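Listed below are the residues making up each chain.
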Amino acid sequence: MPLDSQLAQPWRESAARLCEFLELTADPERCLTVLNLLCRRFGDHGYPGFLKLLLILGDSGSDLGKQRLSEAVALGLRRGDVPSGVLTSWGATRFWTAQEPLHSGMLPGNSMGVAPRRQLDPLAYLTVWFCQRTHRPYLSESTYRSCVARLVDLFNSSHAARQLYPLKIEADLSGIEGAFTRQTRHRLSALADSWKRGLSIAQVASAASETAAYSGEP
Amino acid sequence: MNVVPDSSGVSALDTWLRDVGAPAQAPGQGPVAATSLASASLPAANPTQQLRDPAEELLMLDVPSERTPGEIRTAGFAALSDADATVQRWAEHIFSPLR
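Taken in order, these protein sequences are the chains called Y and E. According to numbering that gives the first Met the number 0, the stretch in the first sequence is residues 0 to 217, in order. According to numbering that gives the first Met the number 0, the stretch in the second sequence is residues 0 to 98, in order.
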């Protein structure tokens with residue numbers, strides 16, 4: 000069996016089980032609870048694994064599974080507990096690389112030198128991973144574009160998620176000053192705007208990945 | 000309900016990274032966080048000069064579906080009837096292939 004096939008097998012099985020659960024469970028509250036439990040099961044550094052399950056489900060032919068997952072995400076967006084992943088904030092990595100003497104003012108929002116971390120929803124996580132310095136190497140443009148397109152397509156399976164997710168992004172951009180770099184803000188803003196305007200999936204992904212050439216400013 | 004973080008210390012991502020022979024990373028140990036000012040000032044979205052994140056390879060791993068909609072019935076599911084399966088058991092059932 001080819002290596003890729005061997006590596007893919009457990010992910011395919013896990014995604015199939017997730018799909019099975021969603022097809023059997025009409026209650027969005029229950030779906031969201033399981034999704035959050037599953038997300039936590041991956042651990043702090045394993046969120047890309049959770050995203051992988053979403054991508055596999057999005058690529059599947061299960062319209063019901065996709066709809067129910069998206070409805071659960073919509074519920075999470077309303078309540079503020081959508082399954083999220085952790086990345087360090089850009090201020091933290093700037094501190095790590097500044098090569099300046101440490102003083103207390105360099106550690107806003109944290110203590111004992113532990114890097115500030117933010118919980119990010121799927122699309123914000125991908126965008127921060129793509130264009131901010133974090134504890135992860137940058138995500139490539141092609142992967143970012145592909146994943147954004149597939150996730151937006153998945154979340155469009157629910158009318159509520161399609162309506163709420165862009166609004167949630169905009170609310171985050173206006174309400175969490177300093178949490179994102181300027182480039183991240185531009186990309187998320189372009190993503191939300193194009194999504195709200197009903198542009199095609201490819202156009203939404205392009206808007207997010209092509210906007211805002213790096214200006215040299217954070 | 001309260002969602003309890005995994006306490007096993009080994010994530011499925013760690014397992015995947017181990018299987019492909021790549022070292023798992025913890026925050027602060029990655030090539031970005033550990034680099035000098037020169038690399039820190041690289042424009043964002045310029046990954047060509049950096050190590051590729053193994054987690055990115057996971058995202059792009061081809062996972063073809065072997066089943067058609069409506070035929071998804073997984074191994075071991077019979078033990079999890081909808082009536083008595085707790086959400087915790089469902090989460091474990093879904094995650095268990097990735098242990």
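Any given hint might turn out to be false.
[Unchecked claim] Estimated spans, in silico, between C-beta atoms of each pair:
| id | chain 1 | residue 1 | chain 2 | residue 2 | range |
| --- | --- | --- | --- | --- | --- |
| 1 | E | 51 | Y | 159 | 23 to 31 Å |
| 2 | Y | 141 | E | 88 | 32 to 40 Å |
| 3 | E | 85 | Y | 141 | 18 to 26 Å |
| 4 | Y | 181 | E | 87 | 22 to 30 Å |
| 5 | E | 50 | Y | 209 | 23 to 31 Å |
| 6 | E | 17 | Y | 158 | 19 to 27 Å |
[Unchecked claim] Just so you have them, the derived chain E footprint on chain Y, three or more residues with Cβ under 8 Å:
| id | stretch |
| --- | --- |
| 7 | 10-20 |
| 8 | 30-37 |
| 9 | 138-147 |
Treat the hints as calculated values from the structure; they're not laboratory data. A quick note: this is a predicted structure, and the numbers were derived from the prediction, not measured. Just so it is clear, CB atoms sit at the ideal spot from N, CA and C, and this is done for glycine as well.
Hints the structure fails to honour: Violated: hints 1, 3, 4 and 6.
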